[in-house]
Amino acid sequence: MEVYTNFEGNNLVFGLIGELDEHSAPFVRKKLDEKIEQEDFNDAVLDLSRLSFMDSTGIGVIIGRYKIMKKQNKRLYVRNPSPTVDKIFKMSGLYEIISRV
Amino acid sequence: MSTINSMKLTIEAKSQNESFARSVVAAFFVQINPTLEQIEDVKTAVSEAVTNCIVHAYNGAQQGTIEIACSLTEDTLTVEICDFGIGIENVEQAMKPFFTTTSTGERSGMGFTVMQAFCDNVCVTSSKGHTTVKLVKKVA
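Residue numbers (this note's numbering), protein chains in the order written: chain A, 1 to 101; chain B, 1001 to 1140.
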């Protein structure tokens, strides 16, 4: 599992590469939280184009980051989920709080 | 319909085995020509069931045994995932969306809901020391 970050204007982009499950979740959580704390940005986008697998553990990880950012008045978006990841987002109601861009 | 093939896999309840378990079941499933979407559905459902064993049945101790038994008919995969952990006190309640017994670790409580959405049938039997989750996926 790999997490990369870059800026698009004032917004931070998190790219997730690999498989997000119970095993990789602690690493992803740590990496994202470090960047959320360290970087100066407006909103953040999770780019899921290279995320090849995610189960419901990923829902918990994403909601957790959403809550942290909400406290800082920042918004979290997602983009490019695979059809299966998109299905998980839809069925869990995640799109009601995190918009797809 | 009669069984055309079967396999059994025993793994330790370690999170690094999740990816291995779902990949093995997916590779076995390929024999009856599922679509890519059906393969992904099975991988996701198996991952949920194995995660439940590791996180709940064995309380995240990273030890214990998980047995995965698969069988195929011409159009159906059946996967039985068994653990020998603490058991589920109230299966009906555990299967409700957003239900979780864990207050830490950002659990979504969506594991069984995902299994039900991604499989044709999900059946859970549990007593103290033995839980079986049976997943059925049809290719037709």
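If you are wondering where the hints come from, they were derived from the structure by calculation, not from laboratory data.
Don't take each hint at face value.
Calculated lysine to aspartate or glutamate pairs in the EDC-like style (CA-CA distance at most 20 angstroms, straight line) [what the hints assert, rightly or not]: (1) B:Lys-1014 / A:Glu-19; (2) A:Lys-30 / B:Asp-1120; (3) A:Lys-31 / A:Glu-19; (4) A:Lys-70 / A:Glu-37; (5) B:Lys-1128 / B:Glu-1080; (6) A:Lys-67 / B:Glu-1074; (7) A:Lys-70 / B:Glu-1106; (8) A:Lys-90 / B:Glu-1106; (9) A:Lys-87 / B:Glu-1080; (10) A:Lys-70 / B:Glu-1067; (11) A:Lys-71 / B:Glu-1106; (12) A:Lys-87 / A:Asp-43; (13) A:Lys-71 / A:Glu-39; (14) B:Lys-1096 / B:Glu-1067.
Label pairs and their calculated CB-CB ranges [claimed, not checked]: (15) B:Thr-1132 / A:Asp-40: 36 to 44 angstroms; (16) B:Asp-1075 / A:Ser-49: 16 to 24 angstroms; (17) A:Ser-49 / B:Thr-1125: 38 to 46 angstroms; (18) A:Lys-67 / B:Val-1091: 49 to 57 angstroms; (19) B:Ser-1002 / A:Glu-8: 54 to 62 angstroms; (20) B:Thr-1010 / A:Ser-99: 19 to 27 angstroms; (21) A:Glu-37 / B:Ala-1140: 44 to 52 angstroms; (22) B:Thr-1102 / A:Glu-96: 17 to 25 angstroms; (23) A:Arg-50 / B:Asp-1075: 40 to 48 angstroms; (24) A:Arg-50 / B:Glu-1037: 13 to 21 angstroms; (25) A:Asp-43 / B:Leu-1009: 38 to 46 angstroms; (26) A:Ser-82 / B:Val-1091: 25 to 33 angstroms; (27) B:Asp-1075 / A:Asp-40: 30 to 38 angstroms.
Think of the CB as a built atom: it goes at the ideal place given N, C-alpha and C, for glycine as much as any other residue.
Hints versus structure:
no.	hint	result
1	B:Lys-1014 / A:Glu-19	holds, 16 angstroms
2	A:Lys-30 / B:Asp-1120	violated, 36 angstroms
3	A:Lys-31 / A:Glu-19	holds, 15 angstroms
4	A:Lys-70 / A:Glu-37	holds, 13 angstroms
5	B:Lys-1128 / B:Glu-1080	holds, 18 angstroms
6	A:Lys-67 / B:Glu-1074	violated, 46 angstroms
7	A:Lys-70 / B:Glu-1106	holds, 16 angstroms
8	A:Lys-90 / B:Glu-1106	holds, 19 angstroms
9	A:Lys-87 / B:Glu-1080	violated, 24 angstroms
10	A:Lys-70 / B:Glu-1067	violated, 41 angstroms
11	A:Lys-71 / B:Glu-1106	holds, 16 angstroms
12	A:Lys-87 / A:Asp-43	violated, 24 angstroms
13	A:Lys-71 / A:Glu-39	holds, 15 angstroms
14	B:Lys-1096 / B:Glu-1067	violated, 25 angstroms
15	B:Thr-1132 / A:Asp-40: 36 to 44 angstroms	violated, 51 angstroms
16	B:Asp-1075 / A:Ser-49: 16 to 24 angstroms	violated, 33 angstroms
17	A:Ser-49 / B:Thr-1125: 38 to 46 angstroms	holds, 40 angstroms
18	A:Lys-67 / B:Val-1091: 49 to 57 angstroms	violated, 30 angstroms
19	B:Ser-1002 / A:Glu-8: 54 to 62 angstroms	holds, 56 angstroms
20	B:Thr-1010 / A:Ser-99: 19 to 27 angstroms	violated, 43 angstroms
21	A:Glu-37 / B:Ala-1140: 44 to 52 angstroms	holds, 50 angstroms
22	B:Thr-1102 / A:Glu-96: 17 to 25 angstroms	holds, 23 angstroms
23	A:Arg-50 / B:Asp-1075: 40 to 48 angstroms	violated, 33 angstroms
24	A:Arg-50 / B:Glu-1037: 13 to 21 angstroms	holds, 19 angstroms
25	A:Asp-43 / B:Leu-1009: 38 to 46 angstroms	holds, 44 angstroms
26	A:Ser-82 / B:Val-1091: 25 to 33 angstroms	holds, 31 angstroms
27	B:Asp-1075 / A:Asp-40: 30 to 38 angstroms	violated, 56 angstroms
Checked against the numbered hints listed earlier, the structure breaks hints 2, 6, 9, 10, 12, 14, 15, 16, 18, 20, 23, 27; every other hint is satisfied.
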